[in-house]
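Its first residue numbered 1, the sequence shown is counted upward by one per residue in full-length UniProt numbering.
Hints may be right or wrong, so weigh each one.
What the hints assert, rightly or not - Label-pair restraints from in silico Cβ distances:
1) Ser-91 with Lys-275: 21 to 29 Å
2) Lys-275 with Leu-4: 27 to 35 Å
3) Lys-503 with Lys-448: 32 to 40 Å
4) Lys-456 with Val-574: 27 to 35 Å
5) Lys-319 with Asp-279: 39 to 47 Å
6) Gly-105 with Leu-411: 52 to 60 Å
7) Gln-155 with Arg-492: 46 to 54 Å
8) Asn-694 with Ser-516: 53 to 61 Å
9) Thr-668 with Lys-620: 44 to 52 Å
Stated by the list, open to error - Okay, derived cross-link-like pairs now, DSS-like style, lysine-lysine, Cα gap no bigger than 25 Å in a straight line:
10) Lys-650 with Lys-616
11) Lys-178 with Lys-156
12) Lys-55 with Lys-240
13) Lys-459 with Lys-426
14) Lys-318 with Lys-697
15) Lys-37 with Lys-426
16) Lys-436 with Lys-456
17) Lys-312 with Lys-323
18) Lys-470 with Lys-487
19) Lys-337 with Lys-352
20) Lys-37 with Lys-284
21) Lys-107 with Lys-37
22) Lys-637 with Lys-514
23) Lys-178 with Lys-141
24) Lys-64 with Lys-83
25) Lys-187 with Lys-156
Hints are computed from structural coordinates only; laboratory data are not their basis. Think of the CB as a built atom: it goes at the ideal place given N, C-alpha and C, for glycine as much as any other residue.
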Amino acid sequence: MKSLEFLKDLNSAQAEAVRTVFGPLLVIAGAGSGKTKTITCRMAYLVAQGVPPEKILLLTFTRKAGKEMIERASALLKMDCDKIMGGTFHSLCQYMLRFYGHLLGYKPNFTILDRSDSEDLINLLRNSLGLTERKKRFPKKDTLASIYSKMINQQKSLEDILSYEYPQFLDYYYEIEKLFIEYVNYKKEHQLMDYDDLLLNWLEILKNFPQVRKEIGKRFEFIMVDEYQDTNVLQGEIVKYMGESHRNVMVVGDDSQSIYGFRGANYRNIFEFPKLFPDTKIIKLEQNYRSTQRILDLANAIISNSKIKYTKTLFTVKKEGRKPVLFKAKDETESSKFVAEKILELRESGVKLSQMAVLFRSAYHSFDLEVELTKREIPFVKHGGLKLLESAHMKDFVSFLRIISNPQDYLSWHRVLLLLEGIGPKSTEKIVNFLKNNSSELYHTLDKLIFQFPQKEFKELAILLKELWKNKNYPSEILINVWNFYKPIFERVYYEDYFKREKDIEGVIALSEKYSTLEEFLTDLILEPLEVTDIEKAIKDEDYLTLSTVHSAKGLEWHTVFIISLIEGRFPSVYSIHNEEELEEERRLFYVAVTRARENLFLIAPMTIYIPGEGKTLAKLSRFIKEVPSSLLEEYKEETREKDLDNGKKFKVGDIVKHPHFGVGEVTEILSSEKIKVFFEEKGNTLLNLRYTNLEKLII
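I would like the entire structure built from these sequences, with the hints used as guidance.
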């Protein structure tokens, strides 16, 4: 028998999960509770107990995760475990369909369509049926592919998907239904399967062929599934049928971290598992290895308000730590300044930028902060959503502004003119050349062009430009005027999702409100327009701050986390407020955000926001903050700054101190009750902010 030394590193709950070999097992793994370690050790334990590796199936949500777990199990046992079958649900299904697909009429060499292939096929069939978006606003190929995928993964009817998520296309129900029938028939006829078919067809075989279920049961005697809270309806059914004969099925997940409902994940799967497999043993991993207890107290309070949950209480043996800080900012400008200042203070105290993150519900919530960080030369990289000027509709909108600021910006003229109805590439070329040749008499030139190109939208644009050039308006007024003109075009060009994109434009209009000139606004907006990939390459080996949507931050952690825009309509999202299920998912999303923090957590809520057309509007603090006891939070006010200022009094010049990152040093100067200078051998003379530095005085 192989050595089981690795079991000594497990806590009692982890060890129980590892040693529970037979029968159905549900492991509720709280945030930061050592889930990966538990799965890895259980695989190693099974092999050490004599289970042949090829009898074990590990299902994960990325191939990389599965590969890493199997490699870790091999390292624990000091033997090769690569015969364990590990991979995603889709990779498992395609593998099995090569052997069993003939039962549904497929040859072993069927072709798999990726998402792009699926969209192209849908487009081909749409055109052959005469359903093009030019004749009427029929959905485009990528939207049609999304609708079809949601139907399959959520096991809902076309009518349900359209009614709930795409009501603008309900008028085309019969055309879409006909198209999808053609799509299904074409794939079957030509031996094609898309990603959704892989799940659907393997499930159909498992359901309808008992002999296959029996063979699979013998082949994989032990099944383990990671991130079970993110499985969809089909995947939950696949697990049920594959584990039917032996019932040695272990699923690991956290109902409190189920945040992918929009992708088809069914959070109910984790609650239904004990019904699928009666006598399921439930083990909760509640010891957290990431956060301080005060951060965990807040997380526990947040999730306690969930209506459907597995009750658990996260705890840690780490120090109690500082209470999460709540800052109710006057507005978004003050919010951004607060975050930037705290980041700089923490960096002074030895916390690297790469150990800090700013999280938000939606990508546009960070626009104001991005400008502030750029001004202060704080390098950052953004994940989850495009940067300010990378999306097509934002490029359109800014092109209008550039023309107003600089009428000789012919690149922007090109982009704007091509948006106008009745103005094609040839007309655009003629107009731009005419403008170039007559740039000194702009008003007169536009009048001549209106005569040559009498199209309604071009005429309206010319009138608008002349008005805005003539009147020196404030930037916010200019942006609102441009938006009023651009909005009908915007809704026409981006008709499928303009209601989602609209928030970006409104966010930029709100941002412009604090500027006095358009030129100043555009300079701040456009000064650092690097592509995300360029930024990532440039700072790959450097220190940089992370800006991220909460969805993109799942599974990650930082020393210090700032969560911004914690107001009603933003977090929770305005789209979720009137839907109980979606509101529950928003609460889980907030829980995920909070549990990303190890040492410091800042919660920021701007109490006024700017809404285009309405001006400054009072905001309401997020219900998720109001739900938790105020005793769990430290509310930041100016007097809060004074609270820790006595820290400096406990140090004097010449004291020997220990810093968690820089090691042992000597106090060289007391600048204030909050700031001191310490000399470290490798770092030299270093300014430290005692409010954010865990500095220990050594008795020598």
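Flag every earlier hint the structure violates by its number, smallest first. 7, 8, 10, 15, 21
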